[in-house]
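Asker: First residue of the sequence shown: 6, per my numbering; consecutive thereafter.
Source of the hints: derived by calculation from the structure; they are not laboratory data. Since the model is a prediction, treat every value here as computed from it, not as a measurement. Be aware that one or more of the hints could be misleading.
[To be verified] Here are the simulated DSS-like cross-link-like pairs (lysine-lysine), alpha carbons at most 30 Å apart as the crow flies:
no. : residue 1 : residue 2
1   : 423       : 381
2   : 194       : 142
3   : 551       : 575
4   : 487       : 551
5   : 238       : 575
6   : 451       : 487
[To be verified] Pairwise CB distance ranges, derived in the manner of DEER restraints:
no. : residue 1 : residue 2 : range
7   : 373       : 73        : 20 to 30 Å
8   : 338       : 169       : 20 to 30 Å
9   : 76        : 178       : 17 to 27 Å
10  : 374       : 76        : 37 to 47 Å
11  : 146       : 169       : 39 to 49 Å
12  : 465       : 152       : 49 to 59 Å
13  : 244       : 162       : 25 to 35 Å
14  : 392       : 423       : 17 to 27 Å
15  : 429       : 219       : 20 to 30 Å
16  : 164       : 76        : 27 to 37 Å
17  : 370       : 317       : 18 to 28 Å
18  : 574       : 373       : 46 to 56 Å
19  : 338       : 193       : 27 to 37 Å
20  : 76        : 388       : 50 to 60 Å
We put the CB at the ideal spot given by N, CA and C, even for glycine.
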Amino acid sequence: MAGRIEDYALIGDMQTAALVCRDGTVDWLCLPRFDSHAIFAGLLGTEEHGFWRLGPAHASDAEPPTAARRTYRGDSLVLESEWDTPRGTVRVTDFMPPRDGAPQLIRIVEGVSGRVPMRSELRMRFSYGRVVPWVHKHEGRTVAVAGPDSVWFDTEAETYGEALTTYADFTVAPGDRIAFTISWEPSHKEPPALPEPEQSLTATEDFWRDWVEHCTYHGPYREAVVRSLITLKALTYAPTGGIVAAPTTSLPEEIGGVRNWDYRYTWLRDAAITLSSLLRTGYREEARAWREWLLRAVAGDPENLQIMYGIAGERELGEAELDWLPGYENSTPVRVGNGAAHQLQLDVYGEVTEALHLAHMTGLARNDYASVLQLKLIQYLEDHWNEPDEGIWEVRGPRRHFVHSKVMAWVAVDRTIKLIESGDADGPLERWKQLRDDIHRDVCEKGYDKERNTFTQSYGSRELDASLLLIPQMGFLPPDDKRVIGTIEAIQRELSTSDGFILRYPTDGDDEGVDGLPGDEGAFLACSFWMADDLAMIGRVDEARKLFEKLLSLRNDLGLLAEEWDPRLKRQVGNFPQAFSHVPLIDTALRLTASGAYGG
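Model the full assembly from the supplied sequences, consistent with the hints where possible.
Answerer: Spelled out as C-alpha cells, the structure:
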C-alpha cells in the first residue's frame with residue numbers, strides 16, 4: 006500500500022520527477038518525461054505495478070522501516086534519509102542530476118555507524134504497471150526492455166533476480182558508500198554511458214546552489230519561499246520552458262472518490278501565475294522561457310486558445326482510464342490525459358495577459374510577437390467575453406456566466422490598454438476603454454447580490470466561489486470597497502472548514518453538484534492563501550498572518566504541499582506537489598513581508 010501523500014519527497018531533473026516515500030520506496034517515476042508512461046506506478050496501485058525500495062533489511066512479513074530523519078541537503082533537490090536501526094545508522098541520498106544525456110535516478114547508501122544490513126528491491130513495470138519487461142544482463146549491466154523503452158541498472162553491489170524482481174543484499178559500515186543508478190534510453194539505441202554517481206552528486210548540488218542564489222527574496226519566510234521556488238523549478242520542463250501543474254496523475258481530491266485528474270500538463274493559468282511568482286523573486290530566465298513556450302504553443306491560432314497544452318505544446322491530450330490500476334487508496338478511476346483541454350475558460354485570457362504585462366513591466370526583453378498575441382487575445386474577447394464558460398475550476402456541468410471569468414476578461418482588456426498607453430503596441434484605445442467599462446458594469450450589476458453584500462459564483466446564482474477573492478488582487482475593485490469586504494466575509498462564513506481553511510465552492514456529497522460531479526473535496530490550499538492575501542489587503546493583517554502560518558504548518562516535513570487539505574482526515578489530498586499551492590504561498594509571503602505583518 007502506498008504511503009500517505011505527504012509522506013513523499015520530490016526529486017527531479019526538470020524533465021521528469023520521482024516520489025520517494027519515508028520508507029525509501031520510489032513509488033512513482035515516469036520516463037523520460039513528466040507525461041511519459043510510469044515505470045513505477047505503485048503509488049496508484051500495489052507493488053505489482055512497480056516500485057524501488059532501498060533501506061534497512063527487514064523480515065518479509067514486516068512493514069519496511071521508515072526513516073528516522075530526512076531532509077533536503079541545503080537549498081537543493083538532493084534528498085537525504087537516515088535510519089536508526091539496532092545495528093547502527095545508515096543514510097541514503099536520492100537525486101536526479103540535471104540532464105546531460107540519459108535521465109538518471111541515483112541512490113547512494115552511506116554507512117554512518119555500526120554495520121547495517123541493507124536491501125534493494127527493484128521491480129520495474131512499464132506502461133503504468135501493465136507490462137513486465139525482459140530483464141537480462143548485457144556486458145555486466147542489468148537492463149530491462151519492453152517495446153520502445155529500456156532501463157539500465159548499475160551498481161557495484163551483487164544483484165540477483167527472484168519473483169520478477171531484482172534484489173541486492175549487502176551490509177554497510179561507517180564510511181562505506183555504495184551507489185545504485187537507473188538510466189533510461191530508447192531500446193533501439195546504444196546503452197547509456199556508465200553513471201558517475203559521486204561526480205553527479207556534486208554537479209547536482211552545485212546546480213541548485215547556484216540557482217537559489219538568484220532569489221531576491223530575503224524576508225522572514227525565506228525557507229518556505231525558497232523551497233516553493235525549488236519545487237516550481239523542478240516542475241518546469243527544461244527543454245521547452247513549459248510548467249506542469251504537478252508531476253502526478255489521479256491522486257484523489259477525496260479519498261475513495263472519483264475526482265482524480267492528470268496534472269502532468271501545462272495549464273496556461275497555473276503557468277502564468279507561476280511565471281508571476283518567479284519574476285517577482287528574480288527569475289527572469291524562467292519567465293523568458295515560458296513566454297517563448299507560450300508563443301510556440303498558441304502559434305498563429307489565438308482564437309482557439311486551449312486552457313492547457315502538453316509540455317512541448319501538444320494540443321491533443323485525450324483522456325483515458327487505466328482500469329488495471331486500483332487507484333490510490335482505491336480512488337478510481339485512474340486517468341491519463343485530460344478531457345478538459347478543450348473547455349472554454351475565459352479567465353485564461355486574463356491570466357496570460359497579466360503574465361505578459363508583468364513580464365513587460367519588469368523589463369523582460371521586448372518580444373514583438375508577444376504584443377501581437379496580446380492584441381489578438383483581446384480581439385477574441387471583444388466578441389466572446391459575454392458568453393458562458395466552464396470557469397476556473399473546469400466544471401463538467403453546464404456552462405455558466407462565472408463572475409471570476411468576467412473579472413479576468415476585464416483584466417485582459419485593462420492590461421492591454423496599459424500596453425497601448427505605454428507606446429509599445431497599437432490598438433483601438435477608446436473602443437477598448439469602453440469595452441473595459443462595459444465588462445466592469447456587467448459584473449457589478451449581474452454578479453453581485455445586494456441583499457447579502459457579496460459577489461456570487463455566477464450570474465443569478467446564490468453560491469459563493471473562492472475565486473472571487475481575486476477581485477481586489479487583480480485591481481477590479483479597491484480592497485476598501487464595501488462589496489469586496491462583504492465578499493471576503495461571506496466566503497469566510499460559507500466556505501470555511503472547521504479549521505478555518507477555504508473550500509473552492511459548495512459540493513453536494515453524493516448528489517451531482519455545480520461542477521457536474523458527485524462527492525466532496527478538501528479545502529483548496531490556493532484559496533486559503535488568497536484569503537490570507539485579502540485579509541492583509543483590507544487591514545486585518547494579524548488575522549492574515551495567523552492564517553498564513555497555519556497554512557505553512559500543513560506542509561510536510563520537507564516543505565511540500567498537495568492541492569488540497571482534507572479537514573476531516575487531517576491529511577493532504579490531490580496531486581502532489583502542486584504548483585497551484587506553492588505559487589500563492591510565495592505571493593502571500595511577499596505581501597505579508599511588505600506589510601510587516603509577521604511574527605518573531
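Asker: Now tell me if each hint is right for this structure.
Answerer: Taking the hints in turn, this is what the structure says about them:
1. 423 with 381: holds (15 Å)
2. 194 with 142: With Cα atoms ~16 Å apart, residue 194 and residue 142 stay inside 30 Å; holds.
3. 551 with 575: Satisfied, since the Cα-Cα distance of roughly 19 Å is no more than 30 Å.
4. 487 with 551: OK: residue 487 and residue 551 at ~24 Å, within 30 Å.
5. 238 with 575: The hint holds at about 28 Å.
6. 451 with 487: Holds, at about 17 Å.
7. 373 with 73: 20 to 30 Å: Given range 20 to 30 Å: violated, Cβ gap about 57 Å.
8. 338 with 169: 20 to 30 Å: holds (26 Å)
9. 76 with 178: 17 to 27 Å: Because 23 Å falls inside the window, the suggested range holds.
10. 374 with 76: 37 to 47 Å: For residue 374 and residue 76 the Cβ distance comes to about 44 Å; the hint holds.
11. 146 with 169: 39 to 49 Å: violated (19 Å)
12. 465 with 152: 49 to 59 Å: Holds - the Cβ-Cβ distance for residue 465 and residue 152, about 53 Å, lies within 49 to 59 Å.
13. 244 with 162: 25 to 35 Å: holds (33 Å)
14. 392 with 423: 17 to 27 Å: holds (25 Å)
15. 429 with 219: 20 to 30 Å: holds (26 Å)
16. 164 with 76: 27 to 37 Å: At 29 Å between Cβs, range holds.
17. 370 with 317: 18 to 28 Å: Cβ of residue 370 to Cβ of residue 317: about 23 Å, so the range 18 to 28 Å holds.
18. 574 with 373: 46 to 56 Å: For residue 373 against residue 574, whose Cβ atoms are near 51 Å apart, the range 46 to 56 Å holds.
19. 338 with 193: 27 to 37 Å: At 33 Å between Cβs, range holds.
20. 76 with 388: 50 to 60 Å: holds (54 Å)
The structure is inconsistent with the numbered hints 7, 11, although it conforms to all the rest.
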